[in-house]
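Colleague: Below, each chain spelled out in residue letters.
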Amino acid sequence: MKEKRPLLTVSDLNVVYTSANAVVHALNGVSFSIGRQETLGLVGETGAGKTTTALSILGLLPEHTGQIRGGKIVFDDLSLLELSDVEMQAIRGKRISMIFQDPMTSLNPVMTIGEQIEEALYLHHSGLTADKLKARVNEIIELVGIGSERRHEYPHQFSGGMKQRVVIAIALACSPELLIADEPTTALDVTIQAQVLNMMEELKQRLEMSMIMITHDLGIVAKTCDTVAVLYAGEIVEFGTFNDFFINKLHHPYTNGLFGSIPDIYSEEERLHPIEGILPDPTDLPGGCKFHPRCPRVRDICRRQNPESLRSGSHAVKCHLFKEVKGYE
Amino acid sequence: MELARKSRPKARTLLAETWQRLSKNKAAMAGLIFVIIITLLALFADIVADYGTKVIQTHPLERLQRPSLQHPFGTDDMGRDLFARVVHGARYSLAFGIVCTLAAMAIGGALGAAAAFFGGAVEAVIMFIADTISCIPGTLLSLSLMAVLGPGLKNLMIAITFGGIPIFTRIIRSIVLGIVRQEYIEAARAAGVSNLRTIFLHVLPNAIGLIIVNFTMNVAGRIMAASALSYIGMGIQPPAPEWGAMLTDALKFLRTDPHVVIFPGMAIVITALSFNLLGDGLSEALDPRLRD
Amino acid sequence: MAKYIAGRILLIAPTLVAVILVIFFILNITPGDTATIILGPSATPEEIAILEHDLKLDRPFFVRFLSYLGDVLRLDFGRSYRNNLPVFDEIFAKFPITLKLALFSVLASMLIGIPVGVISAVRRFSFIDYSLTVAALFMASVPAFFLGLALILIFCLGLGVLPSSGLGAVTSYILPVVTLALPSSALLARMTRASMLETMRQDYIRTAKAKGAGKTRIIFKHALKPALLPVVVVLGSNFAAQLGGSVIVETVFGLPGLGSHILRAIRMKDTPVIMAVAILLAVIFKLVMLLVDVIQVNIDPRLRGRFVKREV
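So the protein lines, in turn, are chains A, B and C.
Last residue of the first sequence: number 329 in our numbering, and the count goes up by one each step with no gaps.
Last residue of the second sequence: number 1292 in our numbering, and the count goes up by one each step with no gaps.
Last residue of the third sequence: number 2312 in our numbering, and the count goes up by one each step with no gaps.
If you're looking for bench data, these hints aren't it; they were derived computationally from the structure.
Hints may be right or wrong, so weigh each one.
Claimed, not checked - Distance condition first, Cα-Cα at most 25 Å in a straight line; then the derived SDA-like pairs of lysine to any residue:
#: 1; chain 1: C; residue 1: Lys2221; chain 2: A; residue 2: His156
#: 2; chain 1: C; residue 1: Lys2100; chain 2: B; residue 2: Ser1134
#: 3; chain 1: B; residue 1: Lys1154; chain 2: B; residue 2: Phe1215
#: 4; chain 1: B; residue 1: Lys1026; chain 2: A; residue 2: His156
#: 5; chain 1: C; residue 1: Lys2269; chain 2: B; residue 2: Leu1149
Claimed, not checked - Derived, one-sided and incomplete: chain A residues facing chain C with beta-carbon distance under 8 Å:
#: 6; residue: Leu60
#: 7; residue: Ser97
#: 8; residue: Asn108
#: 9; residue: Leu123
#: 10; residue: Gly127
#: 11; residue: Leu128
#: 12; residue: His156
#: 13; residue: Thr186
What the hints assert, rightly or not - FRET-style restraints, in silico, Cβ to Cβ:
#: 14; chain 1: C; residue 1: Phe2220; chain 2: A; residue 2: Gly145; range: 45 to 53 Å
#: 15; chain 1: B; residue 1: Thr1039; chain 2: C; residue 2: Gly2254; range: 57 to 65 Å
#: 16; chain 1: A; residue 1: Ser84; chain 2: C; residue 2: Phe2127; range: 55 to 63 Å
#: 17; chain 1: A; residue 1: Thr18; chain 2: C; residue 2: Tyr2004; range: 44 to 52 Å
#: 18; chain 1: B; residue 1: Met1029; chain 2: A; residue 2: Gln67; range: 25 to 33 Å
#: 19; chain 1: C; residue 1: Leu2229; chain 2: A; residue 2: Ser11; range: 42 to 50 Å
No experiment lies behind these values; they were computed from the predicted model shown.
Positions of the beta carbon are idealized from the N, C-alpha and C atoms, including for glycine.
One chain only, chain A, in its complex shape (with noise of 0.2 Å):
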């Protein structure tokens, strides 16, 4: 186990959603960490809060309705939620990076892809030279697999997967010490899939970067991730690392539901078995622990009181079941 101090540290974050007409609260005390040159995975169905997780750490929430009710987020010693806005702007695009889910619209219409990605070069280190900065645009187009005699071209002349990569190149322009991935892969062909997040995975190592790999598919997460997180209403309700997740056998009910819809294609069975109900509303959540409406082991003291994280080593559960299993405390 690498023992250095994690590189980010997320404590109790609470996020609300505010519009005319209800409060939404999209994260209750989420808490997690993540260390240096660690991809962590953050899984959960859609409307879970992954993405409000993300937005959070890089402050980017929507102005008017999105709120930080409390918590801390601490990246390397710096407090993010104290910082102004403009020394956030100085981390953004440098030392934590984001790339976001559809590439079809991620990308400036009107500007070739060598300025998009000149710009995020230029914002950060205004002191290169002309020359050298376009040369380093050509170094990294070449690096997400592009040829650099595409720079001039504008974004909608590239495919889904190539707008993609672009977004990438955007993304580690700098050399960013952590990358935020917001469901990367999603909106692509399957085929493309799997070369992007090689590419990712490549480009990971040779940077020395951290990864957050926020995805809902777990075959993704089995590919790439060194600790798992599982976002369910705006909590983080399992915790651990690669083999607390996929080789030992004992999850949070919610786990369970989640590994249990994959379809298994050496198995027998007939129908799937989809975690019954919906997500709570978020405008509504329900008491004590928000997943007992849903859980197969529900007990009377999940209806009424919201569990506490139990750990055992690495492993980190917040169900009242964990309780009677040993070493958990």
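Knowing the structure of chain A, use the given hints to seat chains B and C on it.
Modeller: Coordinates of chains B and C only, in the frame set by chain A:
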């Protein structure tokens, strides 16, 4: 069970929700209030001021008096009570605004719907004509029509209606095209909802919003166009108390008796502004994407 | 690009012919009036008949139209009924005044409208936004002639600063330009605001923020250009409206331009003049819209589809 409950169409609540958002917009509410006031004045103009004595009959001895208790807006150069004339003028303006816009909507709408429905050559011809008409600046078009038709209320209404037709043709056409192709329509049909129900519960609420907004903004435009034409003498003729006509010789009086110019003019502005504020407020209230 | 323009000009031709037909139709369905107008109300039926024959007014509609079309292509717009002078010459002399008026006011409306729209969008929900919105709607509710009168009241009679009529020095253009520019700048401001708001919601703005770009950079380098696309279209149609609006404005301010010229022609039913001016305006409008298209293609590379290779 829950899923089914949440997907039942909420046409009624859309109205309530729109009203709720609109009522928060002070400017729009002010516009709405004024529209109601002006409409009431127009409807009950006779009660407010007797037509015969105050509006038409000249009182040469009382010409060009400043505003006073007896004559809140003063008198014009023929001694007529300006307040009475302005109030009666509201009838003309509202008539132009509302009737002409409705007519333009009806004609333009029919043409647009036909274009969308039948497509092909019919659509090409209709859109071509609409484009051609919009090539000619509105003022000029109305003027030319008036030149051909001659002055008078009916002709002015026709001329003004004409200019508004291409806009509605385009709007209705794109709405109908949208109806036919929208994905959510396909989804509704796939779920087994019948065509008629689809149209009423899903399409109309959205389309109506667009139509209402355009309607209100157009009314303001028609009112201003009518007054402009009357101003240059090509519209309603004196002694009818149309606001634009009342300003025809205004230049003469600007220096000495500006009230003759200010009151009718402000009447036009306030009326048009009220409709515009209302229309703008409606468009913001109806825009689902502004829930940011 | 040249090919594109040439192609578009070719497309304009049929539309223009249609416009000429419509105008000709509206104004010439009753040829009888023409002769009466020229000869005056005391003409005898025989005199009218003779004149009609001379002017070829007794020929069928389409023949007249085609012959007119032929004349137009040779820039012969006939002679004015009022003074029998060639229509083209008079128009040629007055056109520059109206053109200057329209150009200056388009420029002015751009310089006022676009920045106001941007400010309104960037400071959404603030007091500035609300006041600018109301101000813009107010400007859009004032008919041009009343605005002109009000401005004359304030600046000529009140402050005595600017001339109220006639074509003297440059200053005599100021008030008319302002009168034309203000309402259209209001429209432009609303359009710019709406477009900016829409653009700022786009994902690529979020990407720019994630890169570490500051607010100013995002507004001017990332949002403004795409936002201006629909605004350019409005500018184009504004210009056409400006040309039409000059009829009123020139009347209020006593400017001897094309607008007052056509108004007089309309009052007197001087058909050749009316037709000529209407056609001229339609041609200008089409050319302006062509220019708008070219600018659009320039701004948005996605519109250049035909000339660049497909997605790779």
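Colleague: Next, verify each hint and record whether it holds.
Modeller: Now for the hints, and whether the structure bears them out:
1. C:Lys2221 with A:His156: Holds, at about 19 Å.
2. C:Lys2100 with B:Ser1134: Holds: Lys2100 (chain C) and Ser1134 (chain B) sit about 23 Å apart, inside 25 Å.
3. B:Lys1154 with B:Phe1215: holds (21 Å)
4. B:Lys1026 with A:His156: Since the Cα atoms of Lys1026 (chain B) and His156 (chain A) sit roughly 43 Å apart, the hinted pair is violated (cutoff 25 Å).
5. C:Lys2269 with B:Leu1149: Status holds; Cα separation ~11 Å.
6. Leu60: holds (6 Å)
7. Ser97: Constraint on Ser97 (chain A) satisfied, holds at 7 Å.
8. Asn108: Since the shortest Cβ distance to chain C is 4 Å, the answer is holds.
9. Leu123: It holds, given that the least Cβ distance between Leu123 (chain A) and chain C is near 5 Å, below 8 Å.
10. Gly127: With a closest approach of 16 Å, the Gly127 (chain A) hint is violated.
11. Leu128: violated (15 Å)
12. His156: The hint holds - His156 (chain A) has a Cβ within 8 Å of chain C, the shortest such distance being about 5 Å.
13. Thr186: violated (14 Å)
14. C:Phe2220 with A:Gly145: 45 to 53 Å: For Phe2220 (chain C) and Gly145 (chain A) the Cβ distance comes to about 32 Å; the hint is violated.
15. B:Thr1039 with C:Gly2254: 57 to 65 Å: Once the Cβ atoms are compared, 37 Å apart, the range 57 to 65 Å for Gly2254 (chain C) and Thr1039 (chain B) is violated.
16. A:Ser84 with C:Phe2127: 55 to 63 Å: violated (24 Å)
17. A:Thr18 with C:Tyr2004: 44 to 52 Å: The hinted range 44 to 52 Å holds for Thr18 (chain A) and Tyr2004 (chain C), with Cβ atoms some 49 Å apart.
18. B:Met1029 with A:Gln67: 25 to 33 Å: holds (29 Å)
19. C:Leu2229 with A:Ser11: 42 to 50 Å: With Cβ atoms ~45 Å apart, the hint holds.
When the structure is compared with the earlier hints, violations turn up for hints 4, 10, 11, 13, 14, 15 and 16 and for no others.
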